[in-house]
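Engineer: Below are the chains, spelled out letter by letter.
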Amino acid sequence: MEPRRPPRTVSDPKVRQVGFVTPAAAPPARTVSDTAAMPAAGASQELPLSGSSLSPVMIPPPRHDGLSARVTAPVPVPIAATALRLDNLQIRVGSYNQSEVLLGTPPMTSPSSRVEDAVSEFSDDVSASSLYGRTEPDKVGTAFPGRSGDLMPAKSVVAGGSIGGSHTPENPPTTSLVVKTLPGITEKKRGMLEKQHDEAAAPKPLKEKTTKAERRALQEAQRAAKSAAKEGGGADPTNTKKDKVVKPTPQKKDVPEVAASSGKKVDRPLEKERKKEVLPLRMQFDDKHKVEKVKQRAIVNQREAKSRVEFFQRLPQYVHGTQLQELEAKFFQLDAVHPSVYKVGLHHLSGKITGGNARCIAMLLAFKEAIKDYSTPPEKALVRDLNAKISGFVSFLIECRPLSISMGNAIKFLKNRIAKLPLSMSELDAKASIQSDIDRFINQKIIIADKVIVRHAFAKIRDGDVLLTYGLSSVVEMILVYAHEHKKKFRIVIVDSRPKHEGQILLRRLVAKGLNCTYTHINAISYIMHEVTRVFLGAASVLSNGTVYSRVGTACVAMVAKAYRVPVLICCEAYKFHERVQLDSICFNELGDPDAILKVPTHVESYLYGCMDNDNLQLLNLNYDATPSDYVSMIITDYGMLPPTSVPVIMREYDPQNLWI
Amino acid sequence: MTRMDFEVVVLAGGASSNLSPLVSQELPKALLPVANRPVLSYVLELLEGSNLKDLIVVVEGEDAAQLVGGWISGAYADRLHVEVAAVPEGVGTAGALRSISSYLTANDVLIVSGDLVTDVPPGAIAATHRRHGAVVTTLLCSSPVSGPSDSGTSGGKEKAKKPVRHNIIGLDPTRQYLLHMATGAEVEKDIRLQKRILQAVGQMEIRADLMDAHLYAFKRTVLQDILDQKDKFQSIRQDILPYLIRTQLSSEVSGNGLVSSESGSNKSAVQDELRWLSQHREIAPSTFQDSQPLSLKSQRDDQRSHKCCVYIANESKYCARLNSIQAFSDINRDVIGEASHLSGYSFSAQNNIIHPSAELGSKTTVGPQCMLAEGSKLGDKCSVKRSVIGRHCRIGSNVKIVNSVVMNHVTIDDGCSIQGSVICSNVQLQERVVLKDCQVICHFFSVLYNLPTSWYGRKKCL
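Residue numbers (the working numbering), protein chains in the order written: chain W, 1 to 661; chain D, 662 to 1123.
Bound-form chain D, shown alone (with noise of 0.2 Å):
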């Protein structure tokens, strides 16, 4: 039997469009390093720590899977037993659980973005869905400060020119049920709300500074009901979760579809618990009172055909997902940073890890918050500030490298100044390269030649 009746599935991606300078086909989302570590282990951590130990891995592409599942099998061989799944590029969430759907048997599902770094108890989620006996439930937390929070010089303009993703989600004043969700491009619309909802509730929080996360728990018939119903939806974000909100007080998905579905013993059980209750709800009315307030103002108990919950994470917990540049060097800070117990290393008393077999010349200065991997060489005089530096690289001297992220393999010469750039795997940087939010993903070539000073702002690949 599963735990608790739940299964997981982690929906670890492919190359998304998102993040498209970083991920390649040798390096799928996955993969990518979040303080030298591949931002899905954070998620299949999480789920060790809450005792989730079968798990589903649904992964874009073939090549993909077979690196994600080469990587996995290496690394969780003995903890987790791990199936990956590969799905057509292409197909989106939606697409990709239609695929692995028949696979489930559990009485929920409890479906996870590869892409999340979070301390937010995935148990949490599943025991709130579980109390309300919701269709959905989902994980929001306070949407992040993006941007670099203290190098105050790369400031607005870029931020401004870009539209900044609001979410718009709306909430029953007990803030247990989702009313509403409008995410991205949809919010520059206006806001549409369904009358019928309002009426139901009498009153919706608003809120724009929460983010899905991409944590759900879903009902597994209700899931699979409308994956097959349903062929044309693409996305759970954006179809899914919209037309389960939207059916909560019409009975599309109904009540009844979902007994009628439940299998074999399962069924006998839920219907004998049905009959027991509802006979003595017939008598005994009072004993079962609802605590939702809709079905209280909507004077109709049973209009409601299925809950939307929602599990808003703390305040204090962390919680980002991985899915856009920002995101990524936000994320590489904040793991070796605030959020340095996700990371999963043990900082030294200067607040930062490096490793023993990184060498450090004379003069060098490794600030807080910074991580060293194994057999990095840096020069003389030499500073790095809150930066992650990848596996055998090798830093020359008067270098600085300030927020920013260099993964494995590289070669910076001397005198070098990288500031929130983002600098891929085996790049050579030549002598004097000035860099400032940029991403340097080279592969093809080695070497970069003296690049001019200053701005060099979104430079891709050379």
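Bound conformation, chain W alone (with noise of 0.2 Å):
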């Protein structure tokens, strides 16, 4: 276990791309000056886009990103695993200098010192913390709660980078401290600073938070415990996820002790907040007793497709077959749900309505429509009422087809609005007031958003062009359509995959508007490839490792892309990039309709007809796949085009969660 910590890290490069560097593009000494006077969105069109080079235009936040430059640049990385904490813990620095402006630090004398303080700071706290984690195990485990509990935030922020983000939320309140102390310490030693900083670290918390680490250890050992177990019976190479949490805690054998001896008074009495505290983990749906349980709740009851692939047996399984007549049969039992949204939700399970931003606006209008007939109860407060009503539609919608991320972004939003709206409002001018956020959403999230892409974009396209496109992404398509109109000559390859075609729907449109396309299939991906300058691609979702989240068959599009050098351009609304980490598509996946690839159209029977029911027989249609951040040249986004590695910027600077607020 221990020995094969480093070289994973090593070996990972996803991990250590989080910033603003790439690998070609960026330029190593950036200047605070030359990045900070750029306006957002209407500036990056000015700037000379040169079409070869593919030179990302970054909207960089407003100053740390000489912070983060000086951060990546000069600071000798010791060891291979303090890079990766590094790097993940920058961003932190970086989000949390607000706050330092609010202490009244002046901005432009420290940071240099203070972020080398911080830096090393860091290292020192985190390869010291190694360090005991190494020699003093029982200390650690034992004598020093305090140590502990401070020990588990640095560690919790490697398990949020490489896990999700789920895990951030509680991080901050760690990090934060030791930014807050770092102004105090600067002129003292380093061998002091340590001292310091766990003094600091330690009493603040204790009022709630070192208390908080100390469960979180206490779970973290628990795991490793567990981990450990099975471990010796043979490492997993499908789990490899969970050994990735495990991996940083290096107090792998104490553990056990830790939960033996202070682990049980702990935590019976802190069992309900433990409960609470517990990261909302995601449906797993290969555990039954859940799945029992949500079945309880379900509207119709869901029939069990029959023959599960045993890697995506945790994912809501497909049913549309049954579903659709069931939910139809029950159209006038469903009380609470809006006429609107049921339509809604139909359409979504029915096929009708496809694709991110369209099934985000319909459900944005369905939910604005239910808002609108809405009248809060006698004895409720709205903002709750309303909230919980919302939650209701929304698992109608996801009973009818799983959530896209798109969706699930709009729905927070839309949550936390109604949630921030003031108590005193009266009803008919909250109820206004979220109707007119929902407009102002699709309006600047989405359309007005996909306007700016289509003007990016089009300064990626020159005369002569060949451009590739897979699929059918409504982005790709105005894309292209603008670009005819604008008088550009290009040539288009759109290529497509079984079951669904919808790159015929694209292909219908755009040669009916005179544009001149090339149509195949993704098998002869590789033959069409050569004469391929841009490759432009929708995405379901961008997520924060810039992992591209997108129609089964982009990544290989992707790749193939890469390996005949032609870049690879992503075209998604910021308002679909999602915090969570993902690195294969098989952690989450939505399944679709297994009989849908079975068909072939020139045979009126299956070739497998007859053998459905044989046990050996799985089926498996994925709906999605994540392509690599590796194999995308540059995303464009309404807020310029950037890097993959760019992605938790834009998510951390542009949050539509506080965009408005």
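Treat the hints with caution; some may be incorrect.
[What the hints assert, rightly or not] Below, computed lysine-lysine pairings styled on BS3-like, alpha-carbon distance capped at 25 Å: (1) D/968 with W/330; (2) D/978 with W/330; (3) W/380 with W/352; (4) D/1046 with D/1024; (5) D/1046 with W/352; (6) W/290 with W/330; (7) W/330 with D/1024.
I should point out that these hints are in silico values taken from the structure, not numbers from a laboratory.
These two chains come separately, so use the hints to put the complex back together.
Structural biologist: If you want it as structure tokens, here you go:
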């Protein structure tokens, strides 16, 4: 276990890339002035967009750019493991500078020293912690509860980086503490620093945080114990994720003792709180008990899909065939669901509305309609009741089809807006305000965003280009049509795949508009890629490690394009970004109709006719896949063109949740 | 607010000519007993089961309306909120709707025929209607196999005389849209199809094994427009539905008209939505892919002004209309037989329902799929098979009743043999009467003398 840790982190390039630096394009020494002056969306058009070099037009955060550049560039990174931590922490440092401004520290004088200190501080801290972990395991576990509480957050940051955004909300308090202590300790020596930091960190969180951290430590410890027990039998390659959580915890061996000695005392009384705190894990559909529970809540009883593919058992199985009928039959029984929401749900289910944008817009409009018809029941607060109501709608929509990430983000936004409504506001005003919020979201985040993306992408199309696109993306279609209308001379290769043949819809529209198109299936991608000069792809979401989550097949196209050195441009509105990190398309995906892949158009009967009931046959129809950021040259969003590594920046700086508050 | 923005109208009819011997002033069609329950109760309970509790029941004729209203208020007083509306006789289904159309306010109207006996959830039709945004959605079910399926003797003669009522229904390949519909007499002639529709669809599936179950979901505004504009329309099935199907592609019932006729607050919402959608559609047409094959083929997306959709009931569902005497006995048989879940009774181990207060003589056998209501008395050595016997009937000994419906307060003397017949209330049959495929409706002559044996086809009131 121990010796395997460093190589893993080294070999994993995606984790290290978080930041502004792309291997090719980013200038090594970026000054604050040249980037900070750049306004958001409009100015990026004026920048010289050299077509071929694909230099990323980044919209940097106002001030931290210089910071982060310095952090990454000059500080010698001692160990690979600490480098990993640094890069993850660096985001946090940046994001909490704002709080420093509030504290009144002069921003221009201190940064360098401060950051260096911070860096050294972190590296020291981290290395120290790992040192402790290695040498004095017992102490960490038992003797220094404050210390372990301090240590865990650092670890959890790593976990947050590698596992997903779900961890991150808990980190800030401790990290911010670190930053706050810094200004005071800039003159002091590093040896002192460490001590001070510990002292500073320990007492303050004791009120609430140390207990939390302790609990977290215990949790982690138990988890580690479990996996240690598992690993006795042999490391399983499939549960790499779990291993990763465990890996950074060096005190594996002492863990059981911790759990045994102090664990039970602390654990019991906090059981409730812990339950609350346990992160809402995604529903695992291979957990029978949970599935039973969910089924009881469900509106229709969902029939099991016959043959499940083992890897994907935990995902919601496709049940369309029966579900549509059952939902329809229950039409009048669904009291809680507004008719317009119901309609949208059925459209999602029957495939009448597809595509992230369309689904999101349809949903929002249905919500708007529902809110308009909504009246607060007596003795209830609008804020609470309406949010509960929206939750009901959402669970209905989920029952129809798993939510797209775009919808999830929109729902988050909407709920946030509702929750932030002042209690004193009258119902009429509140409803009007939410409705206008929804309108604004649609307008700004989708419609205008699309227009901006089209303008950006247009700059990348030159005369004589051969553009390749895959499947059906609304933004890409807009780009192509826009470019055609502006008299660009180019040719389009539309790559399509079974079973949806969405590309044909695009093909029909484009041909009707007089564009020069070539249509082929994804099987022929390697042959057609020779002549292609640009690849434009849409995305269902872009995750914070730059992974592009999109229609299945996108990864294949991107990889072939990379192999042929064709730039891959992903067009995606920023509201679809998600803080989650996903390294493969197995851990989260949506299953489509397994029967759809059986149908062969030229044959009336499937070749598999008659062996459908065979237990050895398992059908898998995935809807999405994850394209690693290595294969993506650039992501075109409404905030400009970015390398995939800059996605976290956009999410941090332009979080839709905070945008209009 | 109405449930899911749907209003329900039950057309309970009046004195139907098809059922003329059975129905009368005293017994309107809606109250014809099916398994000793008025046929209307099946519809009402179906709707109640779907949580639809605000209903409008339209009855032809004041007297009939009073009877129906009285029965409903007695039976469903605390369960349903029913408004019974009386319309003059002979106005037809469209006329009946016209007279109440001003009361309708919801977005869509569900129109159910009162003589429908089915277990197809009305929600399914409503949901299909909503999903497609259709102007009209109709329930199609497989047409019933007419005649008693197992009493071979009644055979082909009679059926051969009677023109078999075929429905010719044209569907698009996905079986979602209704493209053609011809029923009854129209089928005798050649089938005329509109070239334009064929061109638009490319392929039409013509089915003769489907039947219109008279359960429709209409868009209210369109329905009201048609009712207002076309004064001569008499029937939904013969006038309104064909008209809507015919004009699917033309813009006579234009979509624009719908929006403009939306009232009040609805209007702004709809337009608002349209504005957003169209704005997005304008810049991102592909996000709204039309799954309709019609528009795919016809290249002109907006050509189709409105959609007529169908919901085809599953084969396993029971669906029948009580629109003929044959159907009456069929439904009676089915409800206590194969579609027994509809009757709402619990069956005994012998698969029959015998009310505890019914008295059976010695050596009397009541076979499966039979029903004996309360207070009936059977003498010795009787045999009852696949029949429904109403309340307070007195049946002597040695009586055979097969495949028949015996209503309330009937007296049957010894030695009678009744096969495939309907015997209405208060009839008295004397000894050794043999009836076969008869309807005995006698409110005035209460005694029926020694009818000769054997064949008495279609014996009507004496």
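Engineer: Looking at the structure, which of the earlier hints fail to hold?
Structural biologist: Hints 3, 5, 7 not satisfied by this model.
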